[in-house]
Structures are given as C-alpha cells and as structure tokens.
Amino acid sequence: MATINIDALVNDMKTAASGVLKQDVSALRGFSERQLKAIAQQTKLVATGIATKQITKETQDFFLDSLEEMALSFVRTLHGLLMVTIEKVWNAVVGVIWGALSKATGLALPEPVLGD
Amino acid sequence: MVRLVAWRALALSLCAALAACQVQLAPAYDKALAEGLSQASADSMTLLASAAGGTSAGTYASRRDEYSQLIGRLEALALAAGARPMPKNKVGDAINRLLEKRGSPALEDDDATPPSAHAIRKVAETFAKMRDTDRKQGVTAFEVEAFKGQVRIYLDQAITYENFLER
Numbered sequence: 287m288a289t290i291n292i293d294a295l296v297n298d299m300k301t302a303a304s305g306v307l308k309q310d311v312s313a314l315r316g317f318s319e320r321q322l323k324a325i326a327q328q329t330k331l332v333a334t335g336i337a338t339k340q341i342t343k344e345t346q347d348f349f350l351d352s353l354e355e356m357a358l359s360f361v362r363t364l365h366g367l368l369m370v371t372i373e374k375v376w377n378a379v380v381g382v383i384w385g386a387l388s389k390a391t392g393l394a395l396p397e398p399v400l401g402d
Numbered sequence: 006m007v008r009l010v011a012w013r014a015l016a017l018s019l020c021a022a023l024a025a026c027q028v029q030l031a032p033a034y035d036k037a038l039a040e041g042l043s044q045a046s047a048d049s050m051t052l053l054a055s056a057a058g059g060t061s062a063g064t065y066a067s068r069r070d071e072y073s074q075l076i077g078r079l080e081a082l083a084l085a086a087g088a089r090p091m092p093k094n095k096v097g098d099a100i101n102r103l104l105e106k107r108g109s110p111a112l113e114d115d116d117a118t119p120p121s122a123h124a125i126r127k128v129a130e131t132f133a134k135m136r137d138t139d140r141k142q143g144v145t146a147f148e149v150e151a152f153k154g155q156v157r158i159y160l161d162q163a164i165t166y167e168n169f170l171e172r
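In order, the protein sequence lines correspond to chains A and B.
Note that our numbering has the first sequence beginning at 287, numbered continuously upward.
Note that our numbering has the second sequence beginning at 6, numbered continuously upward.
So that you can see chain A by itself, here it is in the shape it has in the complex (with noise of 0.2 Å):
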C-alpha cells in the first residue's frame, strides 16, 4: 500500500488554492476598484445635476433611490463572485485530498458533502 507523504499533500494543496486564489483576487479586485470608482461619479453626476436642476423633478427620486440600490447589488454581486471562488478552491483541494487517498488505498472513499 502507498503512504501519504503529508509535506507534499500540503504542498499539493497549497499550489491548488493559490492558483485558484491569484487568479481571482484580481479579478474580484478589478471588479470591486471599477464598481466603486463608477458609484462615485454617479453619485457626483447626480448631485451635480440636482443642483443646477438640469435633473428634473420627474426623476430626481429615482435617481437618488438608486445609488443606494446600486451599492446594494454591487455587494451582492460580490457576495456571489466570492461563492464561486470558495467553491473553486474547495473543489481543487479535495480534488487532491481524495486524489491522495485514492492512491494510497486503492480505494473510492465515500466523498464529503461542503457544510455537513
């Protein structure tokens, strides 16, 4: 029966989730730096264009309730992007935890179930 070399399954798993980590942070940090510099100049724009009245009455209110909606969907956007990062991570990890244990005992372990 093979052995489990554990400094090179954590090593395996390290470089499985950095991969996947470093790949999306900047992504996730891209997006993030682009939505909060845009929410900002809408909100300038807005205030501005109450101010000098070239916003009009009739859409004065929509504007001004939607800055607050869009801070909330861009947090729940990024609620949903960072879900499916932790399920790529997860899934590259075990993917070399159960890669390992099936070597070893020659074996097809019951799988675990994220969050049980």
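Simulated from the structure, these hints should not be mistaken for lab results.
Incorrect hints may appear among the rest.
As the list claims (entries may be wrong) - Here are the simulated SDA-like pairs of lysine to any residue, each with C-alpha atoms no more than 25 Å apart in a straight line:
no.	chain 1	residue 1	chain 2	residue 2
1	A	K323	B	N168
2	A	K300	B	L103
3	A	K323	A	D310
4	A	K343	B	A57
5	A	K330	B	M91
6	A	K343	B	A47
7	B	K141	A	F348
8	B	K134	A	G335
9	A	K343	B	I76
10	A	K323	B	S43
11	A	K330	B	N168
12	B	K134	A	Q340
13	A	K389	A	N297
14	A	K323	B	A57
15	B	K36	A	H365
16	B	K134	A	D347
17	B	K134	B	L75
18	B	K134	B	T145
19	A	K300	A	A394
20	A	K343	B	L103
21	B	K141	A	G335
22	A	K308	A	V361
23	A	K330	A	R320
24	B	K141	A	T334
25	A	K339	B	L75
26	B	K134	A	T329
27	B	K36	B	M91
28	A	K343	B	D137
To be verified - Counterexamples of contact, computed for chain A against chain B with all Cβ distances above 12 Å:
no.	residue
29	A288
30	N297
31	D298
32	T301
33	S304
34	T329
Unchecked claim - Simulated coverage check for chain B against chain A, where a stretch passes if three residues somewhere in it have a Cβ under 8 Å from a Cβ of chain A:
no.	stretch
35	38 to 46
36	123 to 131
37	145 to 156
Predicted model only: the values in this text are computed from it and were never measured.
Beta carbons are placed, not taken as given, at the ideal position from N, Cα and C, and that holds for glycine.
Add chain B to chain A, keeping to what the hints say.
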C-alpha cells in the same frame, strides 16, 4: 477479460466518487445567456448614444419601438438568469453569519436569486423610467448621462458575474 471488466468497474466507481466530491455553490454557466447579455449591452449603449443630446416628447414615437424591444429583451434575460437553480449550502449560511458579525449585510433574504438576475432587472427598470420620462416630457442631456451611468454599473455587475460562472 473478467479482470479487465473488474478494473474498468473500479476505475468508474473511483471517478464517480471523485466527481461527487465536487460541490456547487453557484449556478451553472449559461453561454446563451452570457451572449444575450453582451448583445443587450451593445444595444443599450446604442440607444443611449442616440439620445445623448437629450430628447423631446414630440419625437418620442420614433424611439418607442426601440425602448420596447430593449426592455422586453432585458426582462427575458433577467427571467432566464433567475430561472436557474441556485445551490443552497450550509457554508453560505456560515459566511452570512460571519458577515453579520462584522456588520456587513448578510443577503440571506435573496439567496435563491443569482445577483445577475437582479442587476439585469434593474437595467430594464432604468430604461423603463427613461422611456416614461421621454414620453412625458423628454429627457435632458444630463439625465441621459445619469441613465447611462446607472445602466453601465448594473451591466458591469451582471456581465462580470455571468462570465465568472464559466469555471
């Protein structure tokens, strides 16, 4: 021959076990939806560009069909985005509890809807407001700029999320 079959059975069961280890915390990627969203994004920018200088209620009729088609397509895309099953998992609840502890919104009230569906619906609502204002009194150039800013923010959220699902 019997030995070969036994090995194949073992390999298959191992593959099945490994595959079952995989978990899903977000909906599946939908290529047609991502492409539809990309096309709707281009059409949105075209409509906004055509109204960039502001509009008057007197010329609304010439834009009515364009509004209707775009809003209808966006609503259909929102429906398609929200119709996919959203995996429910205890880890999501654990993360929400952590977010709550840190004072961040937990978002537990809308776990069943992907964020892109919400964002696309908001784009449709933004164009509906623009259409209603256009019909009633026309929209100023500044208002068009504000509608555009809002549409871009929501579209960025929806497109980023949908593309992120390709994993």
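Quick rundown of the hints versus the structure:
1. Between K323 (chain A) and N168 (chain B) the alpha-carbon distance is near 21 Å, which keeps this suggested pair within the 25 Å criterion.
2. For a cut-off of 25 Å, the pair hint linking K300 (chain A) to L103 (chain B) stands: about 24 Å separates their Cα positions.
3. With a CA separation close to 20 Å, the supplied pair K323 (chain A) and D310 (chain A) stays within the 25 Å bound.
4. Proximity of K343 (chain A) to A57 (chain B) is assessed by CA-CA distance (about 20 Å); at most 25 Å being required, the pair is judged to hold.
5. Annotation: proposed proximity of K330 (chain A) to M91 (chain B) is violated, straight-line Cα distance about 36 Å (limit 25 Å).
6. Among the hinted pairs, K343 (chain A) with A47 (chain B) is inconsistent with the structure: their alpha-carbon atoms are about 29 Å apart, more than 25 Å.
7. Distance restraint check for K141 (chain B) and F348 (chain A): the Cα-Cα separation of roughly 15 Å lies within the 25 Å cut-off, and the hinted pair is therefore satisfied.
8. For the hint pairing K134 (chain B) with G335 (chain A), the CA-to-CA distance comes to about 17 Å; that is within 25 Å, so the pair holds.
9. Under the criterion of a C-alpha separation no larger than 25 Å, the hint pairing K343 (chain A) with I76 (chain B) is consistent with the structure, at around 23 Å.
10. With a C-alpha separation of about 22 Å, the suggested pair K323 (chain A) and S43 (chain B) falls inside the 25 Å cut-off, and the hint holds.
11. Restraint check for K330 (chain A) and N168 (chain B): the C-alpha separation of about 29 Å exceeds 25 Å, so the hint is violated.
12. This hinted pair checks out: K134 (chain B) and Q340 (chain A) have alpha carbons roughly 16 Å apart, not beyond 25 Å.
13. A C-alpha spacing of about 17 Å is found between K389 (chain A) and N297 (chain A), which places the hinted pair at or below 25 Å, so the restraint holds.
14. The hinted pair formed by K323 (chain A) and A57 (chain B) meets the criterion: a straight-line CA distance of about 22 Å does not exceed 25 Å.
15. About 22 Å separates the Cα atoms of K36 (chain B) and H365 (chain A), which keeps this hinted pair within 25 Å; it holds.
16. In summary, the hint linking K134 (chain B) to D347 (chain A) is supported, as the alpha carbons are separated by about 11 Å, within the 25 Å threshold.
17. About 13 Å separates the Cα atoms of K134 (chain B) and L75 (chain B), which keeps this hinted pair within 25 Å; it holds.
18. Distance restraint check for K134 (chain B) and T145 (chain B): the Cα-Cα separation of roughly 13 Å lies within the 25 Å cut-off, and the hinted pair is therefore satisfied.
19. Between the alpha carbons of K300 (chain A) and A394 (chain A) the distance comes to roughly 24 Å, so the proposed pair stays at or under 25 Å and holds.
20. This hinted pair does not check out: K343 (chain A) and L103 (chain B) have alpha carbons roughly 41 Å apart, beyond 25 Å.
21. Proximity of K141 (chain B) to G335 (chain A) is assessed by CA-CA distance (about 19 Å); at most 25 Å being required, the pair is judged to hold.
22. Taking the CA atoms of K308 (chain A) and V361 (chain A), the gap is near 21 Å; set against the 25 Å cutoff, the hint holds.
23. Of the supplied pair hints, the one linking K330 (chain A) and R320 (chain A) holds, its CA atoms being roughly 16 Å apart against a limit of 25 Å.
24. Note on K141 (chain B) and T334 (chain A): the hinted pairing holds, with a Cα-Cα distance of about 23 Å set against a maximum of 25 Å.
25. For a cut-off of 25 Å, the pair hint linking K339 (chain A) to L75 (chain B) is broken: about 28 Å separates their Cα positions.
26. Simply put, K134 (chain B) and T329 (chain A) have alpha-carbon atoms about 18 Å apart, close enough for the 25 Å limit, and the pair holds.
27. Distance restraint check for K36 (chain B) and M91 (chain B): the Cα-Cα separation of roughly 17 Å lies within the 25 Å cut-off, and the hinted pair is therefore satisfied.
28. The hinted pair formed by K343 (chain A) and D137 (chain B) meets the criterion: a straight-line CA distance of about 13 Å does not exceed 25 Å.
29. Every beta carbon of chain B lies more than 12 Å from that of A288 (chain A), the smallest distance being close to 15 Å; the non-interface claim holds.
30. Annotated as non-interface, N297 (chain A) keeps its C-beta farther than 12 Å from every C-beta of chain B; the closest such distance is 20 Å.
31. Every CB of chain B is more than 12 Å from the CB of D298 (chain A) (nearest about 15 Å), matching its label as outside the interface.
32. Every CB of chain B is more than 12 Å from the CB of T301 (chain A) (nearest about 18 Å), matching its label as outside the interface.
33. Every Cβ of chain B is farther than 12 Å from the Cβ of S304 (chain A); the closest lies at roughly 17 Å, confirming the non-interface assignment.
34. The claim that T329 (chain A) is not at the interface with chain B is violated, since a C-beta of that chain comes within 12 Å of its own (minimum 10 Å).
35. Three residues within the 8 Å Cβ limit are the bar, and the stretch 38 to 46 of chain B against chain A gives 0, so the coverage statement is violated.
36. Beta-carbon proximity to chain A at under 8 Å applies to 4 residues in the stretch 123 to 131 of chain B; the threshold of 3 is reached and the given coverage holds.
37. Coverage of the stretch 145 to 156 of chain B by chain A holds [criterion: at least 3 residues with CB-CB distance below 8 Å; count 8].
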